[in-house]
Amino acid sequence: MHEATTAAAAVCKPTIGIRGVEYYFDEIVPIDTLPRFAANPEMLEKFKRAGYQSVSVSHVSITEQAILSARKTLAGSSLAAADIDAVVIGMSELRDWSSYPEVASTQIMLGLGLKDIPVVGVTLAGCANYGSALRMVRNMIAVDGYRNVLVIETNQVRGETERIYSATGNPGFILGDGAVSFLATPANGDFKVLGMEQIVKPLDGATADVDAYVVNNISGFRHVTERALAQAGVSCEQVDKVFLHNIRFAALSGFLSALNLPRAKLFTDNIARTSHVWGGDNLIGLYDYCASANPPAGSIFLMLCQADFYYSAVVCQKL
Amino acid sequence: MNDRCAVMNESQRMDHATPEKPICALRRWVIETAGRTDDGALQPDTDLMQEDYIDSLGLISLILIVEKLRGAPIDEKDMSAKNFVSLCQIQRTFFAGDDNMPKTGPDCSAPVGSIEHA
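As you go down the protein sequences, you meet chains A and B in turn.
Heads up, the first sequence is in our numbering, so the first residue is 1 and it goes up one at a time.
Heads up, the second sequence is in our numbering, so the first residue is 1001 and it goes up one at a time.
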C-alpha cells in the first residue's frame, strides 16, 4: 500500500446521515416494447431468460425528472428552499445534451426554487456517480459545515445512446431512465453512512477482453469493499443486504461469491422491474427494499457500483 | 514448455495413493466444469478461455477455486486475466514452490464432482 493511502486510511472519516430518499420514474414499460427487441425476438427471449421484464422510460427531460424527484425529497423533509445549503448533481453523460452542462444544473435550480448556493456536479464515475457524490457531500459537510445538502442523480437514454447492451451475443444489461435524490446531513437521518471507497482500476480498453474485465472487476470490487467495510468497522457477515446494479443476476451472484457474500443477501427485485438505472440503482433499491421489507434499525447495507473501471462501495446503517 | 509446467504432466500421472496436488485437483475441476471427459486434450498450456473450458462467469469460480486450493486469497497485484490463462500459468503464479503449497489436497481417487464448487 502506498504511504499516502496508508495515511488516508488512518484518518478518522466523519460519518454523515442520509434522509428523504426518493426517486422518479416516468413510465415502466415491458421490454417487449423496445424497438430493438421487437425486431429481434431471439435476443428478447435471451434477455427475458436473464431476468429482465420491464424498463423505466422517461418522456420528460433529464432535468425535469431530477426536479420531480428532488421535490419529493424536499416535501418529505419539511425543509424550505432556504434551508438547503448546497446541491450535488450527478449525471452520467451529456452526449446528446444540446446545451452546456451548467444549463442543466441551472434548470434544476430554477425548478426547485433554489438560488445563491453552491452547486457541484459529478459525472466522471458514470454509473458509479453515487460513490463520487457521497464522498463529495461528506467532505462538503465536514469541511464547509453545511447542514443540508441536496443530492440528485439523474440519467436517461437519449438520442443515439444505446439502451440495450449485448456483448458477445449474451444478455448484458438494459439502461433505464430515472432520477433519485436525498438529503445529506451531518446529523443522523434515515441512514448513517459508515464507510465508503471508490477507485479507478483501468485496463487498456483497446486490448482488454471480457476475461480481463471479469478479473479486474473482482479485484476492483474486493479492493473497495474491504476498505469500506474496514472504515465502517463491520465484517462481511454483518452485512444484511447488498445492493448492486440491476444487471444479469448470474454475473452479480458471481461477484458476490468473490466477495464472500451469500447470494441470498443480494437485492434483485429491480432487475426485472426497472433494469439498470445508471447511478441510481443502489439508492432506488435501498428505498424499495426498506419500503417492502421494513428491515429493523441497525441493519447494515452494502452498496456496490461500477462504471467501466470505476468501483465504489458504500456501507450504511439503518437508523 | 518450461520446467514448472512439467510438474503438471507429472501430476497427471500421479499415483492415487499420493495426495493430490492442488493443480491436479484444479485440472479435474476445470474438466468437470466444462462438461468434458479427461481425454488428454487439456494440456498444461491449453488456453482455458480460448478452448472454451472456462467462460467469463466460470472465470469467477476458477479464481475462487484457486483461492480455496491455495488456502489464501489472491493478492490484488496478481489478479490479472493473464495469470489464469492456462493451468501452467496458474501453477507458476499461485502454486510456485512446494513450500507454498498445501501439504494435502483433494483426494485424486475421489470421483469427479466431489470438489466443492465455488
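To be clear, the hints were calculated from the coordinates, so they are not data collected in a lab.
Keep in mind the model is a prediction, meaning the values are calculated, not measured.
Idealized CB from N, CA, C, for every residue including glycine.
Hints may contain errors.
To be verified - Stretches of chain A that chain B covers, calculated by requiring three or more beta carbons in the stretch to come under 8 Å of a beta carbon on chain B:
1. 13-21
2. 216-225
As the list claims (entries may be wrong) - Just the calculated beta-carbon pair ranges, DEER-fashion:
3. B:1077 <-> A:160: 47 to 55 Å
4. A:81 <-> B:1077: 46 to 54 Å
5. B:1082 <-> A:139: 34 to 42 Å
6. A:147 <-> B:1076: 37 to 45 Å
Evaluated hints:
1. 13-21: violated (count 0)
2. 216-225: holds (count 5)
3. B:1077 <-> A:160: 47 to 55 Å: violated (39 Å)
4. A:81 <-> B:1077: 46 to 54 Å: Between residue 81 of chain A and residue 1077 of chain B, where Cβ atoms are some 50 Å apart, the hint holds.
5. B:1082 <-> A:139: 34 to 42 Å: holds (37 Å)
6. A:147 <-> B:1076: 37 to 45 Å: holds (39 Å)
Hints 1, 3, counting from the list given before, are not met by this structure.
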